[in-house]
Amino acid sequence: MGLFGRALLILGLVVCIYGIGASLYGVRRRRPEWVDSGRRAVYALAGLMVIAFVLLEVAFQRNDFSFNVVAQTSSTTIPTFYKLTAPWSSQQGSLLLWVLLSSLWSSLVLFLTRRRLREIAPYATAVLLGMAGFFDALAVFAANPFAQTSNPPSNGAGLDPLLQHPSMMFHPPMLYSGYTLMAIPFAFGIGALISGRLGSDWIRDTRRFALAAWLFLGVGIVLGARWSYTELGWGGYWGWDAVENAALMPWLCVTAFIHSIQIQEKRGMLRVWNVSLILLAGTLAIFGTFLVRSGVLDSIHAFGASTLGVPFVVLLGVMISSSIGLILLRRNSLRSEHRIDSLLSREAMFLFQNLVLVAMVFVIFWITMFPLISEAITGTKVSVGPPAFTPFVVPLALILVALAGIGPLISWRRATAANLRRNFTFPVAFAVVTLIAVLALTGAGSKPFAVAMFVLGAFVIASVLQELYRGTSARRAITKDAWPLAFVSLVRRNRRRYGGYTAHLGIAVLLIGVAGSSSFQHSRDVTLRPGQSARVDGYTFRYVKPTAVALPSKVEFGAVLAVYHGRTHVTTLRTSRALYPSTDASDGIIGRFFDNTNADSTVGLRAGLTKDIWTVVSPNLTPLGGLITQGNQYFQAALNSASAKLAKMTTAQQNAALAPFWQARDIAVAGIVRRYATHPFPVEFLLIVSPLVSWIWIGAIIVALGGLIALWPVPRLVRRRTPRLDRVTLAPEPRERELV
Amino acid sequence: MDPSRKRAIRLTVALSAALLLVTALIYVSFSAGRDELTASQLLAKARPGGQYILAGTVLDGSVHQQGTTLYFSVRDPKLKVAVPVRYTGIVPDPFAPGRAVLVNVTDQNGTFIGQQNSLTTKCPSKYQAASGSLNS
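Keeping their order, the protein sequence lines are chains A and B.
For the first sequence, this note's numbering assigns the number 1 to the initial residue and increments by one for each residue that follows.
For the second sequence, this note's numbering assigns the number 1 to the initial residue and increments by one for each residue that follows.
Please note that the accuracy of each hint is not assured.
[Stated by the list, open to error] Computed from the model, here is a short list of chain A residues facing chain B with C-beta under 7 Å:
| id | residue |
| --- | --- |
| 1 | D600 |
| 2 | S601 |
| 3 | S618 |
| 4 | N620 |
| 5 | T622 |
| 6 | P680 |
| 7 | E684 |
In short, the hints are calculated from the structure, not lab data.
Note that beta-carbon positions come from the ideal geometry of N, C-alpha and C, so glycine has one too.
Throw the hints in and build the complete structure from the sequences for me.
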């Protein structure tokens, strides 16, 4: 099976090379049959990768430890769900997933555009196959997911406990979908530049893929944040880590793109800007992958050095140089005849928003890469932690939120005083009332940036609600429908607009949650014995009792805490730290079960709409040290005394003879674990009270909903009925000479 | 106002804002940044009372816990040198021998004390290469 899987990868690589050649030959020689053949090569690649991925999944489900990746990341005790998702927890499997998703999305876009963009699509096909082929080549030559060993272990090493979390299992497919979808407008942008077909056609046909990239990548980023908050045991959801930033940068770029393309579609402006943005977004997607897989930066996420750094640098070099070269070559043709008429216009607001987003990307890129930059300049790596981001990101985020509210309200081309009065009165008034309420009713005045975010968030919420109300009212005036029906009908008829408004609403809610939780969080490190208490932000945490459980796959030491606000019992929190058996023989037969370095925390969390109460325990196992040492000595002596007899037995006989020995060991481990619960020792807790965290997740769900609404296809019947009143019809763009 | 003059003014304002941002970024980066030192660099540069960021890999066999204090050594990526660290605070779940770490330390007369809750660790590596042994 391993050979067959590798053969599929090699065949996939051959198909990529063929498809590139066929597409380029077909478009250059005007042979549509070759162009079609190149497109079918993409379909064939998708089919091959589906089979390859299924093979890998079967190997995991069957616990076939002859496959190295199965032995390294799975075991017989892993639940089925994690076996299904474990393939992409390894370098090799994740590369295969990348090629699979890339080929599937590429197949979809090429199928949908098979009768359109005839001069752009072949070049786009070549670019998409080139990128898929790159990752396929990595899988073939550097990280083979089907590599096998002739001496398979009886059981695998298992999936790292930290990764056994639902968020962490969906996080990679979401991120990879976002990255691979981003390649589509990138490829069509390159195709447009090469072919000289520089109108808006390619943007219209790939806009949904850019939006889908934005949606998937955004969901992937939020899943990572959720995992960090509920699993990693540090109490935060965003640490400005290198790989978090690597995913955020292309997301910010494509956010700018899905806004600014509206200007190109409506007014034919910003063509250089748009094509530059999407090429930048595609390049940043690959750059993010490079950061993760090369280990070039130290970060909590940047994995150890691998052999993939150099190929990625080469690919990035090709992408950057070709992008810049093509844009420079076509710069005259990309110039727009139209200009921004007024700074008080929707076009200008979109442009400001774009500039702010790009500035944010630059800031994040600079600070993330600064250790390398400083090392190149001074010879020493300089660490710049999360506090360096705050002075830049916070003001830029405030401007973005303000623009998210202004943009939908302001007119195209030039806003008049009447327009401003009519559209801004209610949202501004709502924001002012919010400001007064926040200052009067809360103690938030000491945090001006947080207050500013609350006020601007309220402004955005009010502006969106106003637009929804007006649109629904207008719809009701025509159709006489009830409010709910009119609202649904309104959204169905203009999904792009109202999906966008919904996403704006979600962003405002999300950033209100971020501002509240980051500005007003209270945390405390305490050491408590059972019965003792500690206070955090008006809440009393009382350590009730320790817990301890011995399971076949792990031992868990935890705590129960009762939380009070005044005399009122608010919640009971249960937190624990699971220790997984180590493979280090020097830990001893008993001691390997108490290795604190192969651990996974379960946080105690009580989430609420106003506050989250969060805790994690760091159990103190030192008092058990004497028992563990005694156990190690006793069992090792017993094993040594039986070694001579065991050496004369077959493997099956040894297993049968040792069965009682292992049972006795398990009983001993369980006894030591019980001692932890019955002789409680002081343990360390991290206690956190954090307001408004839940609104981050709620806001993210609203943003995703908005993205889905905008992405959903409009029914044909509605499309036929709806006159295109909001489009300025431009003369067709003159076709430029194709590049030789 | 002449449209081309308007454009020139807008471009000047935009470029000025960009220049301001870049200048502020460079200034903050160099002023707020602290050198990451490897084990060998730390041993060469450390002065009593000094605060440093130590970067390296956790040495195999060096980790043990006594009460709420964690003892471990951080090895140099290139040289066969390791620095012992005494640390209190929450230990990140990914912490383990062979994992790359960053920790803020204070030199207390030759003993390096880790600043509470300053320990960060690389994620459980899908792509991890060598272990943290001095012999590898």
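Cross-check of the supplied hints:
{"no.": "1", "hint": "D600", "in the structure": "6 Å, holds"}
{"no.": "2", "hint": "S601", "in the structure": "5 Å, holds"}
{"no.": "3", "hint": "S618", "in the structure": "6 Å, holds"}
{"no.": "4", "hint": "N620", "in the structure": "6 Å, holds"}
{"no.": "5", "hint": "T622", "in the structure": "5 Å, holds"}
{"no.": "6", "hint": "P680", "in the structure": "14 Å, violated"}
{"no.": "7", "hint": "E684", "in the structure": "5 Å, holds"}
In the structure shown, a violation is registered for the earlier hint numbered 6 alone.
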